[in-house]
Amino acid sequence: MNKIISLISLVLMIGIFFITIESLPIVGDPHSPASTHVSPHYIEKSAEETGAPNFVAAILADYRGYDTLGENIVIFTAGVSTVLILKTSGNLLKHKGGKDNEK
Amino acid sequence: MKNERPGGVLLNTAFRVIIPFTLIYGSYVLFHGELGPGGAFQAGAVLAIGVLLSRLIEGDKAVFNISGNTALILAGIGAFIYGGIGVLTVLMGGNFLDYEKLPLSLPAHELHSLGILGVEVGVTICVMCTIIAIFDALSRREGSL
Chain P
1 MNKIISLISL VLMIGIFFIT IESLPIVGDP HSPASTHVSP HYIEKSAEET GAPNFVAAIL
61 ADYRGYDTLG ENIVIFTAGV STVLILKTSG NLLKHKGGKD NEK
Chain F
1001 MKNERPGGVL LNTAFRVIIP FTLIYGSYVL FHGELGPGGA FQAGAVLAIG VLLSRLIEGD
1061 KAVFNISGNT ALILAGIGAF IYGGIGVLTV LMGGNFLDYE KLPLSLPAHE LHSLGILGVE
1121 VGVTICVMCT IIAIFDALSR REGSL
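Protein chains in written order, with the numbering used here: chain P, 1 to 103; chain F, 1001 to 1145.
No wet-lab data here; the hints were simulated from the structure.
Each residue gets a CB set at the ideal place from its N, CA and C atoms; glycine is no exception.
A couple of the hints might just be wrong.
[Stated by the list, open to error] Computed footprint of chain P on chain F, listed as stretches where at least three residues anywhere in the stretch have a Cβ under 8 Å from a Cβ of chain P:
{"#": "1", "stretch": "1008-1021"}
{"#": "2", "stretch": "1029-1036"}
{"#": "3", "stretch": "1053-1063"}
{"#": "4", "stretch": "1112-1118"}
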């Protein structure tokens, strides 16, 4: 039963994706909303507005500063949780080994 | 004299040559990220390689090393630098991460440039120290290094 439900939802999702992909703009289309609205502004104004000649850096750290802050925190959280998981499981292993030695 | 380092003569000599160049290249990627290809995440990875190389070759007692706990604290400080710059601009009366409101008397685009650099320094420290901390935890778990 579960398999049938997941199959149906999978087919539905794939169908929705195939329908929506029709209405996406072609990659590199100069009349698509993305390349008529924000991109020209970034390309023309980023050097004078942010003082950074490389507008990848300008977008990453200035216009999209929130996004990069989120990325940074994701990396930090991932690091902390990895260290916590590895240390805890390491201690568990040591504990187990100690018990075995006692026997 | 007995050489107690685990790396052997060849590795011990080679990594001394490689590490300064790795660190300089990492700093170049960081500080030049605003002008050309590069950026904070890549710079953090390259700088972490410099520290990990020493750690890999000399083992736990490496002189040029950042221990796991220190690395985690530094990673937190890196993330804090980023958030701190944002909060500082709020305290000076601007929006969050609105670099024009930084408390320095410079033209606006210079302030933006400086703000981007400060933020990228924070990201670099965070990425570098996270990589080191994960490596440290992994190697301690294996018990080999």
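Hints breached by this structure
1 and 3
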